[in-house]
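In order, the protein sequences belong to chains A and B. Residue 81 in this note's numbering sits at position 81 of the first sequence, and the numbers go up by one each step. Residue 67 in this note's numbering sits at position 67 of the second sequence, and the numbers go up by one each step.
FYI, nobody ran anything at the bench for these hints, they're computed from the structure. Some hints could be false.
Derived lysine to aspartate or glutamate pairs resembling EDC-like cross-links, with alpha carbons at most 16 Å apart [to be verified]:
| hint | chain 1 | residue 1 | chain 2 | residue 2 |
| --- | --- | --- | --- | --- |
| 1 | A | K47 | A | E83 |
| 2 | B | K43 | A | D87 |
| 3 | B | K43 | B | D99 |
| 4 | A | K47 | B | D99 |
| 5 | A | K47 | B | E46 |
From the structure, some residues in chain B lie toward chain A, with a derived Cβ separation under 7 Å [stated by the list, open to error]:
| hint | residue |
| --- | --- |
| 6 | F27 |
| 7 | P41 |
| 8 | L45 |
| 9 | Y50 |
| 10 | T54 |
| 11 | Y80 |
| 12 | G100 |
| 13 | G107 |
Which stretches of chain B does chain A cover? Using the computed rule of at least three CB atoms under 8 Å from a CB of chain A, they are [as the list claims (entries may be wrong)]:
| hint | segment |
| --- | --- |
| 14 | 59-67 |
| 15 | 109-118 |
Built from N, CA and C at the ideal position, the CB exists for glycine as well.
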Amino acid sequence: QSALTQPASVSGSPGQSITISCTGTSSDVGGYNYVSWYQQHPGKAPKLMIYEVSNRPSGVSNRFSGSKSGNTASLTISGLQAEDEADYYCSSYTSSSTFSVFGTGTKVTVL
Amino acid sequence: EVQLVESGGGLVQPGGSLRLSCAASGFTFRNYNMNWVRQAPGKGLEWVSYISSTSSSTYYADSVKGRFTISRDNAKNSLYLQMNSLRAEDTAVYYCARDGYSGYDFGYWGQGTLVTVSS
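Please build the complete structure, drawing on both the sequences and the hints.
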């Protein structure tokens, strides 16, 4: 099972919006609405930001939103803030012999 | 408050074994599926293994299949990962993660325990 493909880095200025893509196949991202997104600051455990493609857990800012089209899911961060600078990972259920697969990760830099 | 506390990490020689534990509190452990996720130094997240709430279903990443075994003791609110035939590439921080909202996400994470495989 190969990792889902994410851009290595994305950057933006405070207040701007950025979008991170997550590309898989019809066996994972494209076949199921079980895509989730995680934020990880250096030295910290990951934090769930989006589940089931577009749902936000309680306490997560509404500046974070998710969507999906075909085999590609996306995370959009609007009104970019300094605290959003972190690594972001997507994850999806997969119908392969395994169960779950993560993306390659994207480093978000706030300029 | 949900708490997951991993333990059992350390330095082990290639070919050796190690057993990780994850102590859960703050929720009804027997009702939730659990996972192990690892992160090699400076690298991305890698899902390792899943176990259903009743232990009826388990899954493994291809990279650990046949070498690692996930288990749980609902009476002790504990999750385990038995790791055998360890390789240098198994060096990573190992996180236990609880099923969150959909059954296919990782809603809560522990702080992780470092496993180093080296001679």
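Here is what the structure says about each hint:
1. For the hint linking K47 (chain A) to E83 (chain A), the alpha-carbon distance of about 14 Å falls within 16 Å, and the restraint holds.
2. Restraint check for K43 (chain B) and D87 (chain A): satisfied, since their Cα atoms lie roughly 11 Å apart, inside the 16 Å limit.
3. Straight-line distance between C-alpha atoms of K43 (chain B) and D99 (chain B) comes to about 23 Å, which puts the hinted pair past the 16 Å bound.
4. A distance of roughly 13 Å separates the Cα atoms of K47 (chain A) and D99 (chain B); the hinted pair therefore holds under the 16 Å criterion.
5. Taking the CA atoms of K47 (chain A) and E46 (chain B), the gap is near 15 Å; set against the 16 Å cutoff, the hint holds.
6. Hint status for F27 (chain B) relative to chain A: violated, with the closest Cβ pair at about 15 Å, above 7 Å.
7. With 7 Å as the threshold, the beta carbon of P41 (chain B) stays out of range of chain A, its nearest partner Cβ sitting at about 12 Å, so the hint is violated.
8. With a cut of 7 Å, the hint placing L45 (chain B) at the interface with chain A holds, because the nearest CB-to-CB distance is about 5 Å.
9. The restraint placing Y50 (chain B) at the interface with chain A holds, with a minimum CB-CB distance near 5 Å, inside the 7 Å limit.
10. The interface hint given for T54 (chain B) is violated, since its Cβ lies 16 Å from the closest Cβ of chain A, which is over the 7 Å cut-off.
11. With 7 Å as the threshold, the beta carbon of Y80 (chain B) stays out of range of chain A, its nearest partner Cβ sitting at about 18 Å, so the hint is violated.
12. Because the closest C-beta pair between G100 (chain B) and chain A is about 6 Å apart, less than 7 Å, the hint holds.
13. Proximity of G107 (chain B) to chain A holds as hinted, the smallest CB-CB distance being about 5 Å (cut-off 7 Å).
14. Check on the segment 59-67 of chain B: 4 of its residues sit with their Cβ under 8 Å from a Cβ of chain A, so the three-residue criterion for coverage holds.
15. Only when three residues or more bring their CB closer than 8 Å to a CB of chain A does the claim for the segment 109-118 of chain B stand; here the count is 4, and the claim holds.
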